[in-house]
Each structure stands twice: as structure tokens, then as C-alpha cells.
Amino acid sequence: MNAFEKDIFAAADTELLRFTTAGSVDDGKSTLIGRLLVDSKGVFEDQLDAARNIEEKKGAKGAYLALLTDGLQAEREQGITIDVAYRYFATPKRKFIIADTPGHEQYTRNMVTGASTAHLAIILIDARKGVLVQSRRHAYISRLLGIPHIVVAINKMDLVDYSQEVYEKIKQEFAEFYGKLAMSGGEVTFIPISALEGDMVVERGSNMPWYQGETLLEKLESTPVTGKVTAKDFRFPVQYVSRPQTEELHDFRGYMGRIESGLIKVGDAITVLPSGLTSRIKEIVSFDGNLQQAFVPMSVTLTLEDERDISRGDMIVHTESQPQVLKEFDAMACWMSETPLQAGKKYLIKHTTSTVKAMVTALQDRVDINTLDRIATPPELKMNEIGRVSFKLLKPIACDPYQENRATGAFIIIDDFSNQTVGAGMISQ
Amino acid sequence: MSNTLTHLKTLEAESIHIMREVVAEFRNPVMLYSIGKDSSVMLHLARKAFFPGPLPFSLLHVDTGYKFHEMITFRDWYAKEIGAKLIVHRNEEAIAAGAHPLKLGVARCCGALKTKALLDALAAGGFDAAMGGARRDEERSRAKERIFSFRDEFGQWDPKNQRPELWDLYNCRIHEGESIRVFPISNWTEMDVWQYIKLENIPIVPLYYAKERKMVKRGSMLIPADDAGNLKPGEVPEMVMCRFRTLGCSPCTGAVHSSATTIEEIVAEAATATRSERETRIIDHGSNTMEDKKKEGYF
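Quick note, the sequences are listed as chains V and S, same order.
Following our numbering, the numbering of the first sequence begins with 177 at its first residue and continues without gaps.
Following our numbering, the numbering of the second sequence begins with 1109 at its first residue and continues without gaps.
Derived by calculation from the structure, the hints in this document are not laboratory data.
Computed from a predicted structure; not experimentally measured.
Hints are not guaranteed to be accurate.
[To be verified] Estimated spans, in silico, between C-beta atoms of each pair:
(1) V/515 x S/1286: 16 to 22 angstroms
(2) S/1184 x V/466: 29 to 35 angstroms
(3) V/189 x S/1326: 52 to 58 angstroms
(4) S/1206 x V/229: 33 to 39 angstroms
(5) S/1403 x V/553: 40 to 46 angstroms
(6) V/570 x S/1194: 37 to 43 angstroms
(7) S/1181 x V/593: 26 to 32 angstroms
(8) V/268 x S/1367: 20 to 26 angstroms
(9) V/497 x S/1155: 31 to 37 angstroms
(10) S/1370 x V/348: 53 to 59 angstroms
[Claimed, not checked] Heads up, simulated DSBU-like pairs for lysine-lysine below, C-alpha to C-alpha not over 35 angstroms straight-line:
(11) S/1252 x S/1403
(12) S/1156 x V/404
(13) V/522 x S/1319
(14) V/441 x V/395
(15) S/1319 x V/269
Every residue, glycine too, gets a C-beta built ideally from N, C-alpha and C.
Sequences are here, hints too, so could you generate the full structure?
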């Protein structure tokens, strides 16, 4: 690394992109992540040496790349990824967090978990095999979880002689299928790569002069990290009410929380939901001094012009742009527990900062995540199954449809006997 | 004004959100404070999270008796400076019995002075949530660690029995006796930590800065030689210009050759480092891996 690069590397004002990769060992997912880490210098020599030592003992050529992302004992024994692993690397332009998830159907819940925080998804397709059932599954989950950018990385191009024809055929096949996904939005980009040889990952290589688009890393560096930030989307779930009651702060009452979407300014007219109380923003308090405005995803403290009865679980929004307040809704749910979800059962729902008792009133349908067919009124949802479920809550919550707002449309389902997280839900209406 | 945050401000906002969830949802949380750079960043974030109020929890330091004296001096000064309540816990029984890595072996020494001491301290305080400054980029078993990590009534970690963690919705529910370890800076890397220390001017223990120190070379490691008890027969100390990338117990923490005497120089060094920071931690090498230790209740 030269002095110029070093200087940029020390810069602290780059952006952060979270992305997810879904795929199995056969797709070369671990090799791709290893390649990204090695070529962007996200791996230290001692870690590289350790992986190379293992490769010498038992691996095939290039196996050290996959070994870099080796996980827990149980996973090493089985040679598969089970749980979500988080990996980190940086380039002079950006910092990245990868949620590395398994690709097999029996780990759908782990894929859903990894996708929940991602802003971009890499779907790996083996160029020799084309669009498989699992590619469709990964695409469906990415869209269901509302990931705005999808990169279809057509891998192992080295094994098909870097053929443009193969690439075009897979691209067309995927685009046809994707168009039929009844979910709007989402940008799709296709990139031909060889994770093993490195072509079009970080370096362009010389094998695919016919491809003029961005390399995978260029795409990761250029994708916008946030959508448009607007005042109308302002959503502020109250996490904690600060009342220090010290001598200097005797009357201080601050509402602490994280701006989940949108933007707020001092003086703005606000409404508190579900109560409907109104006031204006008096101050936006922070350790670094009061702010005039704040936006997603900042964690701030708001004070209001009027003294109001507000507690954890309430949501502060702009008076002129309010979410729905619902006691009943339908949601797409992904089930994560060995005990199936059934109509009539009661659970707890954690939605933003409120935890509410809820009952499943009906199972509308189940999605066959391989064919994407919908099976009406199934008796139950088993682990890793996804379907449309009707909920009725004990108390109303302020929420938006998930496809419009990921933060206020999402919830987790908790079993109040075992305390386990048993499912994830996305409000549809 | 651009409506995009830098990566450091994004990470800061996430960590603050996590700590506020802890304080809002748990009955009796505590923050583990190890005096190192990661702890220093976590503590700084906690001050931001609850500003203008005071910290709504105590700091807990598990002292093995082998921490560098510079660390203890710094700890006491800084806790007082920011008005934090500090609890120090030591496994006095094991310390009195002369537990030392050269005598017991690293695994047993850590087990007594760190793991047991931590579990005892958490039980004594009746804490239901303990925040710690571990990062996922540190070690491979940590890469799969949750931000809210469930521990059974023995304080142990079962990698197969962890709760799915989606969006920023953390399940904080536990039964009596169970607890949660919370890692608010899970998503920070070593580089992020150093850049943030520089950006925010966070005070750190002077051991992180390079100076001439009395050290002994053991294999590829530089081990502090201030304490004669750290020496093996035949080892001869020498003065070396060096600094510490991570801080643990003095017999088990290696230094690196360095001339970085300012935070700017440390950030530059971190940016071009070719070896991982855990390489200087003896506890990470050997048959008892971090995964094994975490299962037993280690941090």
C-alpha cells in the first residue's frame, strides 16, 4: 500500500453499506467472500496463513479463500454454513458489513435474518447450472424482506470459458422469473464473475472484455446507502423517557429514541401515537450540542413544547403525515420455531419499541418458496415456512406497510412461555 | 446539508440504540469495563446515549490482579472524572493461591481469574444484562455472536441455542436466573474504534502509545518484563520501542514494535497493519479456543 492509499484509508468520513450474500458451498459463496476480503485487504496475514496451512493439508486449489470464513465447530464438521456470520471490510470509498447466510431451504430463517438489515443482496448463480430453484428462493426472500438492490452474480464464468452467451441466457432467464414476482420495486444488476480467479470481483481481469458494466466491488461502492430522506416519513418510536431529576435538570423530560425513517426539525408540529396527543419539537438534544434537525438513523433525544404523558412504545410522527394505527392486520410471517404456528395461538409481538399480546386469527396462505405458488388456508406454518397470517392485538400499534417502511412494518414474534423468538413478520396492510 | 451519515456516526447511532434498549428493558443492567480501547469507546457511547442524564448503570471491572498498573490508575481516574459508579471484582481466593499462567497454564488461569470471577460478580450483583465491548471482527466465533446473546442460568453460551436477531428488534425477555450479554459495538472493527477515538478525542490508557519499555522476546511475541514473575528461566529483558494493540493481563499480552506516539500515528498504523490484533493475545492460541471459553461463560 502506498502513502496515498494509507492516507485515504485513515479517513473517517466514508459511508456504510450492509449487504447479504445467500448461497451454498456449491455456488462458491464462501470463495466469493474470501475473494472480496483478500483482494480488498480485509484479511490479515496471520489469518491468511492459517487458512493456507489448512488448504495445503486437505484442500483443492483456492480452498483457502473459503476457509477464511470458516465458522463454528459444528459448521466446520459438516462443512456448511448454518448461522448468519457477520464480516467486515473496507475500501478507501466505503465500509461494508456482510451478513453471510446459508442457502439451503432448511435455513430459510437464517437467510431471512441476514436479509432483514441488508440494503443490497448478492444472489449467486453457478454459470454451469443457470437459474435453479434456490436462486428463485433467494430472489423471493430478498424482495420479501424489502432489500432495494439486488445483484445477480453469475459465478464460475471460468468454467464456461467466460462465455457471453451463457451469461446472456442466464440473465434473460432470471429477468423473466423476477418480472413475475408480484412485488414491485427493487433494482437488479447482473455481473459475470469468477470468484476463484478473481475476474470482475475486485479486479476486472482480462477474460471478459465483452462485459462493460461495473465490477462487483464497484457496484458495492456506488449503490446509494439510503433512500430519499423526507420529512413526511418521520417515525420516532420512543425508547426511553429521560428524567434525570438532578438539580440542574430538575424539569428535564426527554424522549430518547432512534429516528427510524425521515427527518425532523425544531418547531415541527408532531403527534404522539396511538394517543393522538399533539405538540411541537422544542429541542433536539445530543451530547455534541443541540441540533436544528435530525434524520434517519440518528439516535437523539427530543423535548416538546408541552408536557405530555408519553412513554416507551409510543411513536412520535409529523402531524401532517401519520402512519396507520391498527389493532388487526395481515402480515407475511416467516416461522422460526420447531413448534408450528397455528390459528388461535397467542404470542407476543415486538414492534418498534412496544411489546404487545397478539392472537393469530387466521392463516391465509402459505408460499411454496420454490415454486412461489400460494397454498390457501394451510393448517399451520412449520419452521422455515412463509405465509400470510392475520393478527389481532390487545392494544393498537402505529405502523406502516413493510414494503413502504421496513422499520415500522416489521415485528418479531415471541413465545411468552419459552421467551424464544419464534417468527418474523412484515405487515402487509 | 447531506442527509447521509458517515459510517462512524451510523455505528454510533446503532450502539446508542442498543444501550437504550438495554436500560429500558432490563431490571438491573451493568456495563463490563475492561479499561481497553473498546471499553473506552463503549463507555463514551454510553455517556452520549443517556446525556444529559447520568449513566443509569454501574461499571464492572473484573480485575485479575495481573492488569498493568497504568490500566488501574487510568480506570480510577476516568471513573471519577465522568462520575461513574465503579464495581471492582477479584477472585481473591485464586489470587491468594498464587494463580499464574506460567504455573497453571493459560486456560486454567483464565478460567479462575476471568471466567469464574465474572460469573461470580454477575451473580453477586444480581445483574440480568451485562454489556461488553466485544467486536465480531475480533475472532471467528465472535462473527456469529448475537448482539443480545442469551446465557442460561449458569452464564454459559450455547451457540446452537441463540435467538434469531432481525432488524433492530431485540428480544430481551428472560426467565429468573437467566441473563443476556449485550455487545453494543458488535459491528465496529478495530479500525472504526481507532478512528472514533481520534474523532471524539476519547482518553485511552498510555500503554497504547509507543515508548521504550522493558520487554522480553518470546518466540514472535514481546512480553512485558516489569514483573520478574513473568519471566521464564534464562529470559533476559531488554528495552524495546513498542506499544500494545490490545490490553489484557501483563503475563499474557504481547506488544508490537512501533514508533506511534500519537493517535494519528496509531490510526495510520492500524490502516496498514498486516497482522490481526488478537495475534498478540496468548489466550487465543492453544487448544482451548475462544468458542470453548465462551461456552464456559467467558466474555
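Structure-based check of all given hints:
1. V/515 x S/1286: 16 to 22 angstroms: Roughly 20 angstroms apart at Cβ, these two residues keep to the hinted range, so it holds.
2. S/1184 x V/466: 29 to 35 angstroms: holds (33 angstroms)
3. V/189 x S/1326: 52 to 58 angstroms: Violated - the Cβ-Cβ distance for residue 189 of chain V and residue 1326 of chain S, about 40 angstroms, lies outside 52 to 58 angstroms.
4. S/1206 x V/229: 33 to 39 angstroms: About 37 angstroms separates the Cβ atoms of residue 1206 of chain S and residue 229 of chain V, which means 33 to 39 angstroms holds.
5. S/1403 x V/553: 40 to 46 angstroms: With a Cβ separation near 43 angstroms, residue 1403 of chain S and residue 553 of chain V satisfy 40 to 46 angstroms, so the hint holds.
6. V/570 x S/1194: 37 to 43 angstroms: holds (42 angstroms)
7. S/1181 x V/593: 26 to 32 angstroms: violated (49 angstroms)
8. V/268 x S/1367: 20 to 26 angstroms: holds (24 angstroms)
9. V/497 x S/1155: 31 to 37 angstroms: holds (34 angstroms)
10. S/1370 x V/348: 53 to 59 angstroms: holds (57 angstroms)
11. S/1252 x S/1403: Judged against 35 angstroms, a Cα distance of about 13 angstroms means the pair holds.
12. S/1156 x V/404: holds (27 angstroms)
13. V/522 x S/1319: Measuring from Cα to Cα gives roughly 63 angstroms; hence the hint is violated.
14. V/441 x V/395: It holds: about 34 angstroms lies between the C-alpha atoms, which stays within 35 angstroms.
15. S/1319 x V/269: Holds - the C-alpha atoms of residue 269 of chain V and residue 1319 of chain S are around 33 angstroms apart, at most 35 angstroms.
Consistency note: the structure conflicts with the earlier hints numbered 3, 7 and 13.
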